[in-house]
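A.B. asks: Residues per chain, in single letters:
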Amino acid sequence: MTHMTEEQLVAYRDGESRERELFGAHLRECAECRREMDRLDAFFAALDAVPIPDPGEDFAQRVWQQISPHLAEKRSPWWQSFFEPRRLLAFGAMAALVILAFFIGRSTKGPGPVRNVADSGKVRERVLVVAVGDHLGRSEMILMELANAEPEKGQKLMNISSEQKRAEDLLEENRMYRQTALRDGDKLMASTLDELERVLLDIANSPDEVTPAQFEAIQKRIAAKGILLKVRVVNQELHQKRENTVAPPQSDSAATERNKI
Amino acid sequence: MSRMRVSIERAECEGIPDALAVERTLAGDRDAYRVLVDRYSLYIYRLAYRMTGNSHDAEEVVQEAFLRGYQKLSQFAGNSNFGTWVYRIAANYSIDRIRQRNVEEARQASPTRRSEDGAEVETMALVPDPSASPERLAGSAELAAKMQQALAELTPAERTAIVMRHWEGCAIEEIAAVLNSNSNATKNTVFRAVSKLRKALEPFMQLRGTARAMGTES
Numbered sequence: 064m065t066h067m068t069e070e071q072l073v074a075y076r077d078g079e080s081r082e083r084e085l086f087g088a089h090l091r092e093c094a095e096c097r098r099e100m101d102r103l104d105a106f107f108a109a110l111d112a113v114p115i116p117d118p119g120e121d122f123a124q125r126v127w128q129q130i131s132p133h134l135a136e137k138r139s140p141w142w143q144s145f146f147e148p149r150r151l152l153a154f155g156a157m158a159a160l161v162i163l164a165f166f167i168g169r170s171t172k173g174p175g176p177v178r179n180v181a182d183s184g185k186v187r188e189r190v191l192v193v194a195v196g197d198h199l200g201r202s203e204m205i206l207m208e209l210a211n212a213e214p215e216k217g218q219k220l221m222n223i224s225s226e227q228k229r230a231e232d233l234l235e236e237n238r239m240y241r242q243t244a245l246r247d248g249d250k251l252m253a254s255t256l257d258e259l260e261r262v263l264l265d266i267a268n269s270p271d272e273v274t275p276a277q278f279e280a281i282q283k284r285i286a287a288k289g290i291l292l293k294v295r296v297v298n299q300e301l302h303q304k305r306e307n308t309v310a311p312p313q314s315d316s317a318a319t320e321r322n323k324i
Numbered sequence: 672m673s674r675m676r677v678s679i680e681r682a683e684c685e686g687i688p689d690a691l692a693v694e695r696t697l698a699g700d701r702d703a704y705r706v707l708v709d710r711y712s713l714y715i716y717r718l719a720y721r722m723t724g725n726s727h728d729a730e731e732v733v734q735e736a737f738l739r740g741y742q743k744l745s746q747f748a749g750n751s752n753f754g755t756w757v758y759r760i761a762a763n764y765s766i767d768r769i770r771q772r773n774v775e776e777a778r779q780a781s782p783t784r785r786s787e788d789g790a791e792v793e794t795m796a797l798v799p800d801p802s803a804s805p806e807r808l809a810g811s812a813e814l815a816a817k818m819q820q821a822l823a824e825l826t827p828a829e830r831t832a833i834v835m836r837h838w839e840g841c842a843i844e845e846i847a848a849v850l851n852s853n854s855n856a857t858k859n860t861v862f863r864a865v866s867k868l869r870k871a872l873e874p875f876m877q878l879r880g881t882a883r884a885m886g887t888e889s
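Note that the protein sequences, when read in sequence, are chains A and B. If you're matching positions, the first sequence starts at 64 in the working numbering and goes up one per residue. If you're matching positions, the second sequence starts at 672 in the working numbering and goes up one per residue.
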């Protein structure tokens, strides 16, 4: 194989190369290409050295002072808000939940007396609690895997494509649950899901393969926000809620009998 | 009394999620928008500084991005993060600002450029001085200044691509969306930017290596 071009070296370093294995093997054997890669590393290190002047602690305040006089009152007609995309999305999510709750209600309805309308609300809540719990569990798993992973000695690139794909899959439902929590006025849940969304977005937007330094930056961002702990706490609360509300409907005497065991 | 009430309201607002702040702003609560400005100003400033290369333009970009964000807030679909959304607005405005500045500079008869503090310097001063000692050029401040000059020579698209890719760690698709381009073309733009910067900095990188070998670099 001839020497790698500058473009191939940049793509390889960036994790964008389609022929990673071939180029990886070449780099191990070719001292000249390794030297060129070292020069490329030195260049990127120099790029990192470009400082950004500190705009001062009161920067955000200054920005606000500059722009606030130009912010007109935002009062749109009340009906307009119904056609905003985020509302339509929320309505869609709500409709999906109601339909799901309807079918679950039908399938779980026993032969006993017809329950009152309040039961459908409980079923919806039950569906939501289970679904969000599952979502948080899967998110926690990804965060745990990333937080605990370590590059092997001498490893130049780490493949996080699996975590990246899973984070991408979770993003859409995270948005839906966040909007539902907002609508229901559940501030803690909405805030946790909002922070989780940023971390998931961060992971989903990372390259398939990252350098140990990039990976460490991802780990630091996860740790800095304390998101793993928050997700665990909220999930624990949901778990308790599920135990309180998901208990199968039984007669009082049956429940008493169960409590005796 | 009213100041105390305002500060209590702000404190209540500070912990709210972005989506709630957006909702409240749309409902007419301007202070809710301040939460977003407080939260993302520095983040946007870092991008703007890397893009424009000076504090004055960077501050202008931050202000304009938040103003435009406020005006277009009803179009914010909520299916993305507010920070990412306003970041895109800032990246686009930075491109406009660079183009505008290039036109202004081209109009000026004297071959001068703006330095970091806004003062004008002769373009010839940007050409590497062959008599410069390795010790002087090896200083990281000196190299950083040369890097800033080399960045200024890139086209707005190349500059956006390298800033978003290298410093901000954005995905190629994200950069492509800002540049209104496709993934392959964006990858090429990133590569062109890297290649041009390396060419421009090669003499300084070599001198730095020499200084390091001589043990004179601090």
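Honestly, the hints are just simulated from the structure, not real lab data. Do not rely on the hints blindly, as some may be mistaken.
[As the list claims (entries may be wrong)] Here are the simulated BS3-like pairs of lysine-lysine, each with C-alpha atoms no more than 27 Å apart in a straight line: (1) A/K219 x B/K867; (2) B/K743 x A/K219; (3) A/K283 x A/K250; (4) A/K250 x B/K743; (5) B/K870 x B/K817; (6) A/K304 x A/K293; (7) A/K185 x A/K250; (8) A/K304 x A/K216; (9) A/K250 x A/K288.
A.B. asks: Each hint needs a verdict: does it hold in this structure or not?
C.D. replies: Status of each hint after checking the structure:
no., hint, in the structure
1, A/K219 x B/K867, "holds, 25 Å"
2, B/K743 x A/K219, "violated, 43 Å"
3, A/K283 x A/K250, "holds, 26 Å"
4, A/K250 x B/K743, "holds, 25 Å"
5, B/K870 x B/K817, "holds, 12 Å"
6, A/K304 x A/K293, "holds, 17 Å"
7, A/K185 x A/K250, "holds, 20 Å"
8, A/K304 x A/K216, "violated, 45 Å"
9, A/K250 x A/K288, "holds, 17 Å"
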